[in-house]
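> Given next are the chains, with one letter for each unit.
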Amino acid sequence: MHELSIAISLVEAAEEEAAKHGAASVSAVHLRLGPLSGVAKEALLFSYDLATEGTALAGSRLLIEDAPVEVFCTSCGERRPIRSLQAFSCAACGTPATEIVQGRELEVVGLEIDS
Amino acid sequence: MKTAVPRLVEVRRSVLKQNDLIAAMLRERFHGAGVRAVSLVSSPGSGKTALLEKTLTVLTKNHRVAALVGDLATENDATRLRRSQAPVRQIVTGTVCHLDAGMVRDALEGWKLEELDYLFIENVGNLVCPSSYDLGEELRAVLLSVTEGEDKPLKYPTIFDSADVAVVTKVDLAPAVEFDWDAVRRNIAAVRPGMEVLGVSAKTGEGFDDWMGCLTRF
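So the sequence lines, in the order shown, correspond to chains A and B.
Heads up: the first sequence begins at 548 in the numbering used here, then just goes up one per residue.
Heads up: the second sequence begins at -6 in the numbering used here, then just goes up one per residue.
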């Protein structure tokens, strides 16, 4: 499990962004998380409270928005979801997918701050 | 007194930005120095060190090679790999289950990269955590030994997604474990369509030409 390391990086990233926006305090952090990031949502949520302890983010909430895998299907010529991680092919036509356009996200997309 | 006004600000910031910046810097250094950086990832015991030991021994004949090897504890792997005569440094991670770009950068301290043709980076044995961290390598090989079961790719799709080539190891044992090549190829293609799959035995040397070819090709 490396989610505690990830949570610590997340706290550092959010603190930096909060400072840039002149935040006096942060009440929530919005994160986009894709399944190909290699990070487990439940473990990250569990680690978040530990990682924020004693920081400017202590007591804040972590809100995770899923970024499901989407690929560019060369047969459909469209952006499509995949069947599953175990069947990495276009959900519409079944063409094996190699061009990933979404699903690797592990990024802070929003902060709820008081300033 | 001014009352605090809560508001939502939009940001766009990768959580691993710091790692990715270091990895990008390493990639640039490797490229500038003309060194090919290859990392190996797999579960513990699938034969990363055996493959690397043989690879270093073969490559040191005609190339300048070095290796970094990550483990939670002990210098055992570095000691083993040094028998190849190549310079080797151990990265002891303590409790950390993966290497990150900063650990690689720090471990390279004092090495002249321009004096190398190949740099190998053996990650900590783990099929989950290393997938999140870019190490600046040019080629990432994911290893899977014939004794582990053909469905490993289905169970750990993320690490296969993060790698460039799959290397099936210990192929000398394939008959003994009735290894199903069709199943493993099918499973790798299911999680990572188009991924190249090699089979090697560090013990007998079987498949080594293909592996060497892969190292020179990328």
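In case anyone wonders, no lab produced these hints; they're calculated from the structure.
Even for Gly, the Cβ is constructed at its ideal location relative to N, Cα and C.
Keep in mind that a hint or two might mislead.
Stated by the list, open to error - With a cut-off of at most 30 Å between alpha-carbon atoms, the simulated DSS-like pairs for lysine-lysine come out as follows: (1) LYS47(B) <-> LYS148(B); (2) LYS567(A) <-> LYS10(B); (3) LYS47(B) <-> LYS105(B); (4) LYS47(B) <-> LYS196(B); (5) LYS196(B) <-> LYS588(A); (6) LYS148(B) <-> LYS10(B); (7) LYS588(A) <-> LYS47(B); (8) LYS148(B) <-> LYS105(B); (9) LYS54(B) <-> LYS196(B).
Said to hold, decoys possible - To give an idea of the chain B side of the interface with chain A (calculated C-beta under 8 Å), a few residues: (10) VAL(-2); (11) ARG0; (12) ARG6; (13) SER7; (14) LYS47; (15) THR50; (16) LEU52; (17) THR53; (18) THR86; (19) CYS90; (20) PRO150; (21) TRP174; (22) VAL184; (23) GLY187; (24) GLU189; (25) VAL190.
> Evaluate each hint against the coordinates.
Here is what the structure says about each hint:
1. As the CA atoms of LYS47(B) and LYS148(B) are separated by approximately 29 Å, the hinted pair is consistent with the 30 Å bound.
2. At roughly 16 Å between alpha-carbon atoms, LYS567(A) and LYS10(B) fall within 30 Å of each other, so this suggested pair holds.
3. With a CA separation close to 23 Å, the supplied pair LYS47(B) and LYS105(B) stays within the 30 Å bound.
4. Restraint check for LYS47(B) and LYS196(B): the C-alpha separation of about 8 Å stays at or below 30 Å, so the hint holds.
5. A C-alpha spacing of about 41 Å is found between LYS196(B) and LYS588(A), which places the hinted pair above 30 Å, so the restraint is violated.
6. With a C-alpha separation of about 28 Å, the suggested pairing of LYS148(B) with LYS10(B) holds against the 30 Å cut-off.
7. About 39 Å separates the Cα atoms of LYS588(A) and LYS47(B), which puts this hinted pair outside 30 Å; it is violated.
8. Taking the CA atoms of LYS148(B) and LYS105(B), the gap is near 39 Å; set against the 30 Å cutoff, the hint is violated.
9. A C-alpha spacing of about 19 Å is found between LYS54(B) and LYS196(B), which places the hinted pair at or below 30 Å, so the restraint holds.
10. Interface restraint check for VAL(-2)(B): the shortest CB-CB distance to chain A comes to about 7 Å, inside 8 Å, so the restraint holds.
11. Hint on ARG0(B) holds. Least Cβ distance to chain A is approximately 6 Å, under the 8 Å limit.
12. The interface hint given for ARG6(B) holds, since its Cβ lies 5 Å from the closest Cβ of chain A, which is under the 8 Å cut-off.
13. Against a cut-off of 8 Å between C-beta atoms, the interface hint on SER7(B) holds, since the closest Cβ of chain A lies about 5 Å away.
14. Because the smallest distance between the Cβ of LYS47(B) and any Cβ of chain A comes to about 29 Å, over 8 Å, the interface hint for this residue is violated.
15. Against a cut-off of 8 Å between C-beta atoms, the interface hint on THR50(B) is violated, since the closest Cβ of chain A lies about 32 Å away.
16. Checking LEU52(B) against chain A by beta carbon gives a least distance of about 30 Å; that is not within 8 Å, so the hint is violated.
17. Evaluation of the THR53(B) hint against chain A yields a violated restraint, the C-beta minimum of about 33 Å exceeding 8 Å.
18. For THR86(B), the interface hint is violated, since its Cβ never comes within 8 Å of a Cβ in chain A; the closest pair sits about 11 Å apart.
19. Proximity of CYS90(B) to chain A holds as hinted, the smallest CB-CB distance being about 6 Å (cut-off 8 Å).
20. Evaluation of the PRO150(B) hint against chain A yields a held restraint, the C-beta minimum of about 4 Å falling below 8 Å.
21. Given the 8 Å rule on beta carbons, the hint for TRP174(B) is violated: about 19 Å separates it from the nearest Cβ of chain A.
22. Because the beta carbon of VAL184(B) sits about 6 Å from the nearest beta carbon in chain A, less than 8 Å, this interface hint is met.
23. The beta carbon of GLY187(B) is positioned within 8 Å of a beta carbon in chain A (closest approach about 5 Å), and the interface hint is therefore held.
24. Proximity of GLU189(B) to chain A is violated relative to the hint, the smallest CB-CB distance being about 13 Å (cut-off 8 Å).
25. Hint on VAL190(B) is violated. Least Cβ distance to chain A is approximately 14 Å, over the 8 Å limit.
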